[in-house]
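Fit chains B and A to the known structure of chain E by using the hints.
Residue numbers (the numbering used here), protein chains in the order written: chain E, 22 to 157; chain B, 572 to 930; chain A, 2 to 220.
What the hints contain is simulated information worked out from the structure, not anything from laboratory work.
Among the hints, a few may not be true.
Pair by pair, the computed Cβ-Cβ distance ranges are [what the hints assert, rightly or not]:
# : chain 1 : residue 1 : chain 2 : residue 2 : range
1 : A       : K70       : B       : D820      : 53 to 63 Å
2 : A       : N3        : B       : F780      : 26 to 36 Å
3 : A       : A49       : B       : L925      : 48 to 58 Å
4 : B       : A897      : A       : T104      : 15 to 25 Å
5 : B       : E671      : A       : L170      : 47 to 57 Å
If you want the ones that stay clear, here's a sample from chain E, every Cβ over 10 Å from chain B, calculated [what the hints assert, rightly or not]:
#  : residue
6  : S60
7  : G61
8  : E83
9  : D141
10 : E151
From the three backbone atoms N, C-alpha and C, an ideal C-beta is built for every residue, glycine too.
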Amino acid sequence: MSLDAIPIHLIPPGEPGLTGNAPPLLHELLEMVNRLLASGETAAIDLSALPLTPADLDWLRERLGEGEIAVTLLANGESTLAETGCPGIWWVTHHNEQGVVTSQFLEVAFVPELVKAHPDDVALGRDHLESMMADL
Amino acid sequence: MQGPLIDTLARRGVTRRTFLKYCATLASMMALPPSVGRAMAEAMAAAKRPSVIWLPFQECTGCTESITRSHSPTIEGMIFDMVSLDYQETLMAAAGHQAEEARHAAMKENHGKYLLIVDGSIPLGIDGAYSCIGGRSNLDILKEAAEGAAAIVAMGSCASFGGIPKANPNPTGAVSVSDIVKDKPIVNIPGCPPIPVVMTGVLAHYLTFGSLPELDAQGRPKAFFGETIHDRCYRRPFYDQGKFAKTFDDEGARQGWCLFELGCKGPVTHNACATVKWNGGTSWPVESGHGCIGCSEPDFWDGGGFYKALSVPADPLKIGAAAAVAGAAAGVAVSFANRAKKKAAKAAHETTTLDDLEK
Amino acid sequence: MNELQFLTWVRGPGLDIAVGIFLLGVLWRLIEIYSLGRKKDLAAPRHAAGASGLHTVFRRSLPPQGMLKRSPVSYIGGYIFHIGLAIVVFGFAPHILLIKNLTGLSWPALPSQFVDMVAVVTMAAMVVVLVDRINKPVKRFLSTFEDWFTWAVTFLPVLTGWMAVQHLLLPYTTMLALHILSVEILLVVLPFTKLFHAFTLFGSRWYNGRINARRGVPV
Numbered sequence: 022m023s024l025d026a027i028p029i030h031l032i033p034p035g036e037p038g039l040t041g042n043a044p045p046l047l048h049e050l051l052e053m054v055n056r057l058l059a060s061g062e063t064a065a066i067d068l069s070a071l072p073l074t075p076a077d078l079d080w081l082r083e084r085l086g087e088g089e090i091a092v093t094l095l096a097n098g099e100s101t102l103a104e105t106g107c108p109g110i111w112w113v114t115h116h117n118e119q120g121v122v123t124s125q126f127l128e129v130a131f132v133p134e135l136v137k138a139h140p141d142d143v144a145l146g147r148d149h150l151e152s153m154m155a156d157l
Numbered sequence: 572m573q574g575p576l577i578d579t580l581a582r583r584g585v586t587r588r589t590f591l592k593y594c595a596t597l598a599s600m601m602a603l604p605p606s607v608g609r610a611m612a613e614a615m616a617a618a619k620r621p622s623v624i625w626l627p628f629q630e631c632t633g634c635t636e637s638i639t640r641s642h643s644p645t646i647e648g649m650i651f652d653m654v655s656l657d658y659q660e661t662l663m664a665a666a667g668h669q670a671e672e673a674r675h676a677a678m679k680e681n682h683g684k685y686l687l688i689v690d691g692s693i694p695l696g697i698d699g700a701y702s703c704i705g706g707r708s709n710l711d712i713l714k715e716a717a718e719g720a721a722a723i724v725a726m727g728s729c730a731s732f733g734g735i736p737k738a739n740p741n742p743t744g745a746v747s748v749s750d751i752v753k754d755k756p757i758v759n760i761p762g763c764p765p766i767p768v769v770m771t772g773v774l775a776h777y778l779t780f781g782s783l784p785e786l787d788a789q790g791r792p793k794a795f796f797g798e799t800i801h802d803r804c805y806r807r808p809f810y811d812q813g814k815f816a817k818t819f820d821d822e823g824a825r826q827g828w829c830l831f832e833l834g835c836k837g838p839v840t841h842n843a844c845a846t847v848k849w850n851g852g853t854s855w856p857v858e859s860g861h862g863c864i865g866c867s868e869p870d871f872w873d874g875g876g877f878y879k880a881l882s883v884p885a886d887p888l889k890i891g892a893a894a895a896v897a898g899a900a901a902g903v904a905v906s907f908a909n910r911a912k913k914k915a916a917k918a919a920h921e922t923t924t925l926d927d928l929e930k
Numbered sequence: 002m003n004e005l006q007f008l009t010w011v012r013g014p015g016l017d018i019a020v021g022i023f024l025l026g027v028l029w030r031l032i033e034i035y036s037l038g039r040k041k042d043l044a045a046p047r048h049a050a051g052a053s054g055l056h057t058v059f060r061r062s063l064p065p066q067g068m069l070k071r072s073p074v075s076y077i078g079g080y081i082f083h084i085g086l087a088i089v090v091f092g093f094a095p096h097i098l099l100i101k102n103l104t105g106l107s108w109p110a111l112p113s114q115f116v117d118m119v120a121v122v123t124m125a126a127m128v129v130v131l132v133d134r135i136n137k138p139v140k141r142f143l144s145t146f147e148d149w150f151t152w153a154v155t156f157l158p159v160l161t162g163w164m165a166v167q168h169l170l171l172p173y174t175t176m177l178a179l180h181i182l183s184v185e186i187l188l189v190v191l192p193f194t195k196l197f198h199a200f201t202l203f204g205s206r207w208y209n210g211r212i213n214a215r216r217g218v219p220v
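Chain E on its own, in the form it takes in the complex:
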């Protein structure tokens, strides 16, 4: 008997639709961008902490669009920090090593925090540079 004889119908799970939770985020982003322009204050929205469906996230991504620059960070899995169509708003996605999204943020800043080098690390780099030059 072939497996086809068994009447099992696979029904793909229906994608939960839009919840209406995404549009208010645009207002919050507007407020954050205004603050960034006025005082340089950076801010972020934690997307993984909000009840958003994949459809909501797609809606947001579509509205915000794509910008000119995207930074890829390879650290404990890939992270992408992509500017959206609205400069100053960055879509930050952290993946773990299995490629699963662990957290997602919308960061409002001129440059995302994670991109900047830490002074301690810069100092280490200088030491390395110095020792390299001494060996020349």
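Showing chains B and A alone in chain E's frame:
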């Protein structure tokens, strides 16, 4: 392996950005604002290594499994490595007298400073004879170890609230850690099993600030247990729209509608499953189509059944039929009494007064 | 007792006791009232158009001429909160689930936001009716302890239910338990107070209409 955490991490090839990224995710999971992630990374990077003693009592080792098999053997595991785990029966190589000696040595050396982790409940029946290690009752060992602890972490529902051993009729007389230890700060991390990252989060907080995180009335970290499953559930909109799965295989279930009618205890369960998820963020019970059973709440085992909706009776109504019969009998009896009274009044030619009418 | 044990108690033994007393009381009082009987009316019945028990059942639901203007709060407020209560009690999904569990009957639920709004309107109407009762000297004079008490036991389930859904004041678990407890108090007192009108209302209207119809008077 002394010195700040960031140096130890760096020796293992973990860069600052990797660590920052981890802390951002951890802060997100702890429902802390994104800015706290950076503060946490900075503080934790400089933290020192505390001594930890882990005592297993009436438990199933599920809690140990949960933490030691947390998704990637990377930073979470490393932070766990950061602590000096001086006694953990399941994980330690030493056994018998050697293990007991290790515990005593750690307790003596770090008196007043070590972190005590307990999983499992403590039986009080027949002088604690239901669960003994090395000939001593759990109660005895806990009291001894708690005395010199800086703080105690009750891992899992059994240590936090008594859990399954305490379920009705509680044959062993099981109690929670907080039922016994009253003079030490205790943080409860309930769940059956608890979410690994909650453990890491509490450890991170302890390493960062040297204290336990803010706790709710049940002694649970507010960051993870501050909101109910229901409030953070991605199926919540369907509850509000009145769309419910009626069985586990109907159209509603396929559409991913709310599982309230199938007994989901999400509305009364405080835990972080809805945001943190399980197995490296793969899924969690409600996402896989099963309602929450409320495992992080006290006495969840005796909550009236996992598949009964919260709004229906926890037990079948037993006295309803008997009460109806009794009511009917009372009604009939009273009506006979009334008729007899009327007859008597008529026979005696009683007159109706204003008082009678006002009755 | 922790909050979950409290909830489990009100969902279990508490509900059992409350429903038991409710059934006992309702059957007792219905049998007692309907078995009172009445002497046979030997006079020949008269007939008048529009005079019957059924007519009275409907007619008494409408305000008599001029009365709506004289006490609008009683009529409009009364209508709003009775209809509101019916919508909240019979339209909210968890309530329907309870009814289904107890009786096997079930029907589609209303969206919870709508029920939420109706609950607010119902509470507002009940408060207005209460204030009217306090402000009008005649109403206040006629009011007894029972009137205040029954208002409170009717109001509390709506208030606690709404607060539970809105996550106000107390944790949801505790509020839900208090909500169920308040409903149980309502169930227990209903058969023994004026709230029993839920059962006797149409019966007594029909009875009055019927007697007056025999006399040829439409009421």
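**Request:** Would you list, in rising numerical order, the hints stated earlier that this structure does not obey?
**Result:** Violated hints: 3 and 9; rest satisfied.
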